[in-house]
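Visitor: Chains as they are written, first to last, in the working numbering: chain A, 1 to 451; chain B, 1001 to 1451; chain C, 2001 to 2451.
Watch out, some of these pointers could steer you wrong.
[What the hints assert, rightly or not] In the DSBU-like style, the derived pairs of lysine-lysine whose C-alpha atoms are separated by at most 30 Å in a straight line are: (1) B:LYS1400 <-> A:LYS215; (2) C:LYS2213 <-> A:LYS292; (3) C:LYS2400 <-> A:LYS292; (4) C:LYS2215 <-> B:LYS1400; (5) A:LYS292 <-> C:LYS2291; (6) C:LYS2213 <-> B:LYS1213; (7) A:LYS291 <-> A:LYS215; (8) B:LYS1292 <-> A:LYS400; (9) A:LYS213 <-> B:LYS1292.
Hints in this document: simulated from the structure, not taken from any laboratory.
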Amino acid sequence: MKKLIAVLLAGLLVLPTLVLAEDAPVSEMTYILNTFSFLVMGILVMWMAAGFAMLEAGLVRSKNVATICLKNISLFGIAGILFYIVGYNLMYANVDGGFMGSFGFWSADDTAALAGDYSGGYSGASDWFFQMVFCGAACSVVSGCVAERVKLWGFLAFCVILTGFIYPIQGSWGWGGGWLAELGFSDYAGSTIVHSVGGWAALTGAIILGARKGKYGKGGRVNPLPGSNIPMATLGTFILWMGWYGFNGGSVLALGDAASAIEMSNVMVNTNMAACGGMIAAMIMVQVMYKKVDVTMALNGALAGLVSITAGPATPSLGAAVLIGGVGGVLVVLAVPFFDKLKIDDVVGALSVHLVCGIWGTMAVPITNPETSFFTQLIGVLATAAFVIITSSIAWLALKYTIGIRVSEEDEMLGCDSSEIGMEAYPDFQRVSIGGSSGISGYTSSSVQRG
Amino acid sequence: MKKLIAVLLAGLLVLPTLVLAEDAPVSEMTYILNTFSFLVMGILVMWMAAGFAMLEAGLVRSKNVATICLKNISLFGIAGILFYIVGYNLMYANVDGGFMGSFGFWSADDTAALAGDYSGGYSGASDWFFQMVFCGAACSVVSGCVAERVKLWGFLAFCVILTGFIYPIQGSWGWGGGWLAELGFSDYAGSTIVHSVGGWAALTGAIILGARKGKYGKGGRVNPLPGSNIPMATLGTFILWMGWYGFNGGSVLALGDAASAIEMSNVMVNTNMAACGGMIAAMIMVQVMYKKVDVTMALNGALAGLVSITAGPATPSLGAAVLIGGVGGVLVVLAVPFFDKLKIDDVVGALSVHLVCGIWGTMAVPITNPETSFFTQLIGVLATAAFVIITSSIAWLALKYTIGIRVSEEDEMLGCDSSEIGMEAYPDFQRVSIGGSSGISGYTSSSVQRG
Amino acid sequence: MKKLIAVLLAGLLVLPTLVLAEDAPVSEMTYILNTFSFLVMGILVMWMAAGFAMLEAGLVRSKNVATICLKNISLFGIAGILFYIVGYNLMYANVDGGFMGSFGFWSADDTAALAGDYSGGYSGASDWFFQMVFCGAACSVVSGCVAERVKLWGFLAFCVILTGFIYPIQGSWGWGGGWLAELGFSDYAGSTIVHSVGGWAALTGAIILGARKGKYGKGGRVNPLPGSNIPMATLGTFILWMGWYGFNGGSVLALGDAASAIEMSNVMVNTNMAACGGMIAAMIMVQVMYKKVDVTMALNGALAGLVSITAGPATPSLGAAVLIGGVGGVLVVLAVPFFDKLKIDDVVGALSVHLVCGIWGTMAVPITNPETSFFTQLIGVLATAAFVIITSSIAWLALKYTIGIRVSEEDEMLGCDSSEIGMEAYPDFQRVSIGGSSGISGYTSSSVQRG
């Protein structure tokens, strides 16, 4: 009898623990919070597409603004459709340590969760949504670099290849559980997997397309072709900064337990500090080097900091995050003239920000994360580089010799808005016309009969 | 004794279930999550007011930009006040299968929840907030359509009538538990109840106001009056796309159980896919029809897709969502010249997007949702059309013959910014003046003494 | 034996209650929700930095737009770094009823929560993030007021002092548990602690800097120097309105219990109603006084309403919130000419909005909150005023006589973009040049060789 009582009392004492351990309702809450985190953070990452659009619309000349707007919003649409048709499964289905997943349309299967088994962790569609917006972000990196001379449909065709195949296949290596994941490659939110991928694809595009007419003069002279709307570029940077909280914060991939919520907080704070560090470092650099602060360098410095922290935002202290971002800000100030010296014409500085700092950020992970190694990180960087350079080059060249990727010289002078879009971005405003810059003088289709 | 042990052991085994069933704390979590979902999603829908403002500011001519900004932000303020004074209760209080609710100021009553009874599901104010921003969205549809010639105060008076009476009364039929709800009419997030209502109100306004001077020439010629700021219109579209995740996703009206979280995820993904489908379809259509992609058609295509999916975003597969949105994108490309042929002057394409696709989206629900019928959907569409056309016409006409709704011909030439607002949107910039388009030449009040 | 059974049965009955009371898992959920609320609401407040940037970029003349963009984004970076290095601890560490906290870098300590003790309530970094963005907001108030003549690096040096010392020290009095908190001073989300602090710092700056050249003519004439981009200012206002839901809503400082979620809902709704009231009141006022609605007054009216409700958004009814905001809207219309009469040149109306309405909002708290007193509120307002006026004046004067705070007269004519930034905001566009307003004519470094 005493034994019985003991057993029962023990049961009573143990019971709360059992309740907690089995704990179906809390588990449902965890499932909901993980799902909701994917959705909210995914919306913030989607918003980055608007940030890229505004940044690039502000940094191209007025005669190419409508075109770059169209490219940025349509590439996001393409990313959504391609990631549904082929991308997601290529990146995440049955990768099993290999080099790519399987082909097939994606669809959610939440029957287990609807039956009360929450072990899946989150709803299928919330995960798809979060991964899809990352795919769009990789593609957004490209548009700014190759702006002002790439053909609309040629560019969009490249977006199909990038978002449907190149991005998901390399993404499967690290995030899909492929061979790089098995090696121990660590890229928290995608300094390599997202930003450098966009960067390599942009680099090959910029080289194959060639520079804009008039960008590089005789004797190594680099002609500034200043952006047409600085507040719009500033807005774009703010949007990207804001969206990056979701980009990195959502990459915890969970919210339903306290440890994940704590990690998400640390990630967001470090993300912010890296942006601060990158911006302030770039501002000081340009002030010292050029005696004036170039506002686009400050903006690109902030973005450089953000890219730099993206591979490992969970482990640094705030001070380390400032420094990691700060190095990114210094790099971007040095990289912009470097690419100009190579006559690689990057309209918005995308290579300096996303490629250079994407590499730096990936290599910086082991500084604060002892579970990673420089060597493995280097393998990831190089393998990604090789794959994206080769596949992108094939894609750009195939498009070049089929539908074409570069507008005619005359159209480039007139501006892509006239030749590709048939509308002006700012038709009511008189443009400065030194050197035919506005290109609008010869374009009248919509500038009559207003009023 | 064995029986006792058995009972007690059974109790121990059953107990976790009992805990789960009574489960007050989880229920509090459900209440919190439902509430928080209303707030976060409501903020996204509020943000759509900014999206409409930017879209319309980009699509009107520069001489009317300040006015359209003012209209868009002030109509949102009016919606807030009217929905508090009369709208919410007219839409939701004591409808009981009838044709409208009751009159009276709204106030929250959360005493039950504060006392631990969470059966209400969510806080009163969170629900009010979410419904209020929808009311604002319906009103935002109107401003763009009747822009560039409607008087400021005449328009705002119409907003009072629309947000305080027309919108809430018809809204009570479907969403307030009125006669349409009893019939089985299904309009998840408001293709009919929000978008077509704005569309019908805009249509009556556009007809009663008449077209802008110079829009329709002799022999059926339609003069393009291009928008003045395409990147701003693009930003507006991105904002609307972003806000639509909240518009449709929040319309699950719950988040605190796994089924709702799953539904919200599916809704958001389908919302995104429909926007992709609408945009890409519209781009291909205009490329084929006009040999160039009109960027405003791409933007309107995305919005068309979003409106089209809004009546039923929970049931389609992703592929079906692309198609539903894609049909919307095709419709908008056909509808814009159709309204021009009728000489109904819709400045931003609001009728093509919100009215045409609102109807299409509502009728498309039974394709993927077997619990609905085409016939009932049609009744909803027609009843809403009849009610809004009649009441809006009365309102517009009553305002026409009292405070006036159309600016003078001279003021229209000068631009509403000069006549109604007394300030220019872009005073520092020289405007193109072919055909007196800028209208600013005769307006000097604020353009002196700068510097 | 019966006794035993009774005890055990009692145990079984009592057990659920015990489980609920100890309730570790629910407590974890509360911890997560509190944390997530800080993060999401903090992101919205960060977004207000973009709102200030757009508002100010729209309200300054085109020749100063790039500079104001740079100031706004870099001050947010400075706020992040300073709040980490010194601000947070100065505001919140060991204040204990005193006049300031302690010095030292901030770092999170979440070891208790990671070990399962959730009594801390939320993660350290989430709290830091939420408080940091408030610090940034206070600083954003200053930039618009002193725009168009303050030196970039002089201004940024002031930002260091404001965000690192002035803001945190006074913030410790009320929010850090200092002497004002002990007195019973109530400032929910910072009408005084954030907005009036920014306002006082801006006022001293505006006085010490002096007015812009040409603003005040002979015989008391006030020359309008209209903003260059009204839709951008409108966008900024929408962003601020949106962000304010987080500013006030997040200031509940919790979400993990139903009472907090209810309070958050009420706060957000009242925040919205005050904005509505302020905007509509300002519109009616200017229509009556000047026969036309000045759109910038409508925008500032909305912001005035938002500032006014910020000190006490939890206690008013919706109607009271409309009135509190409405008084703010009236005040702003009266205050703008008042400051002009005093020849205090406030470029964007920041003093009228943030200082005047910050005071009004703080003093209005006792109207709806019986736990507060006018006298204590007045002490808080006056003590904050005294402290910020004195410290800001010392800071501005020290900077004036060291690195300098005002650009040369010639540079002011040319515009800060030319002298401080070395780039134009809108280089492609021809500017109106009456009275040398554009200032760009003499600036050619980047306006050649485009195209």
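Visitor: Against this structure, judge whether each hint is valid.
Guide: Hints, verified against the model:
no.: 1; hint: B:LYS1400 <-> A:LYS215; in the structure: violated, 57 Å
no.: 2; hint: C:LYS2213 <-> A:LYS292; in the structure: holds, 23 Å
no.: 3; hint: C:LYS2400 <-> A:LYS292; in the structure: holds, 20 Å
no.: 4; hint: C:LYS2215 <-> B:LYS1400; in the structure: violated, 41 Å
no.: 5; hint: A:LYS292 <-> C:LYS2291; in the structure: violated, 45 Å
no.: 6; hint: C:LYS2213 <-> B:LYS1213; in the structure: violated, 42 Å
no.: 7; hint: A:LYS291 <-> A:LYS215; in the structure: holds, 23 Å
no.: 8; hint: B:LYS1292 <-> A:LYS400; in the structure: holds, 20 Å
no.: 9; hint: A:LYS213 <-> B:LYS1292; in the structure: holds, 23 Å
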